[in-house]
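Construct the entire structure; sequences and hints are all you get.
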Amino acid sequence: MKKSLTLISIMVLFVLLQSCSSNNDTEKQKASADQIYTSVAGSLTAQAASQPTATMKPESTATVAPTQAPLVIPTLAQVAPTTVVNPVGCDNLAYISDVTIADGTVITPGATFTKTWRVQNTGSCDWTTGYQLAFSTGEVMGGSAVYIPYTIPVGKQIDLSVKLTAPTKLGTYKGYWKLKNPGGSLFGSNLYVEIVVANNTATPTSTFTPTTAATATSTTQPSATTAPPTETTTSS
1 MKKSLTLISI MVLFVLLQSC SSNNDTEKQK ASADQIYTSV AGSLTAQAAS
51 QPTATMKPES TATVAPTQAP LVIPTLAQVA PTTVVNPVGC DNLAYISDVT
101 IADGTVITPG ATFTKTWRVQ NTGSCDWTTG YQLAFSTGEV MGGSAVYIPY
151 TIPVGKQIDL SVKLTAPTKL GTYKGYWKLK NPGGSLFGSN LYVEIVVANN
201 TATPTSTFTP TTAATATSTT QPSATTAPPT ETTTSS
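Mapping the sequence shown onto this note's numbering, position 31 (from 1) lands on 31, and the numbers just tick up by one.
Every clue listed holds true.
What follows is a set of in silico ranges between Cβ atoms, one per label pair, in the way DEER data are often shown:
1. Gly130 <-> Leu170: 36 to 44 Å
2. Lys174 <-> Ala94: 16 to 24 Å
3. Ile96 <-> Gly142: 24 to 32 Å
4. Ser124 <-> Val196: 35 to 43 Å
5. Thr168 <-> Ser124: 38 to 46 Å
6. Thr137 <-> Lys169: 14 to 22 Å
7. Thr122 <-> Pro167: 31 to 39 Å
8. Gln157 <-> Gly104: 23 to 31 Å
9. Lys156 <-> Asp103: 24 to 32 Å
10. Asn199 <-> Gln157: 34 to 42 Å
11. Tyr150 <-> Gly89: 21 to 29 Å
12. Asp103 <-> Asn199: 18 to 26 Å
13. Ile96 <-> Lys174: 17 to 25 Å
14. Gly155 <-> Gly110: 34 to 42 Å
Just so you know, the hints here were simulated from the structure itself, not pulled from any lab data. C-beta atoms are modelled at their ideal positions from N, C-alpha and C, and glycine is treated no differently.
Quick look at the structure:
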């Protein structure tokens, strides 16, 4: 009986010792695990602190180029031709009418005739005897410059005449004349004569009845007298 109790006591003691040993090992293992976790956490914290913090760079914003406005090509409007009006200045002349030799008058070859235009001084200066009717362009038909015989005030009219000779060849001829100031500048409206040279014995006629308007004669020097327009026709 004593042996049995002794054996049982020994077994209980052994179990108790094993239990104590297991508890101690478990606590040691738990302590070791806690230390490991603490060490790892400390290492991670130290590494995180030693590494530089990455700086977030702002994303570049794409620059949008300005939109170019469409090129607008202007449309050229067609402008109808208009009559050129001479600006009013010191020297200016306005054509009034043909006094003799209408456009297209038939004249025999080599015949002489007088062309007369009625004009008006529309400038701001009087025409003195230094002004003259001068050839401009076209067919001169033997004409010479004609000086104004006396002063023509602003706004007044005058009949300007020039003696011409028809060409000897058949055809249509046209000559332009203009008024010229003492400085040698042509001005005012174009005065033209247009004839048809043909074998016709008819005498050229005036298109208008002569009036009391002043008349400049076909002379190359200033004249103090006024001569009426004359017409001379040579029959072939």
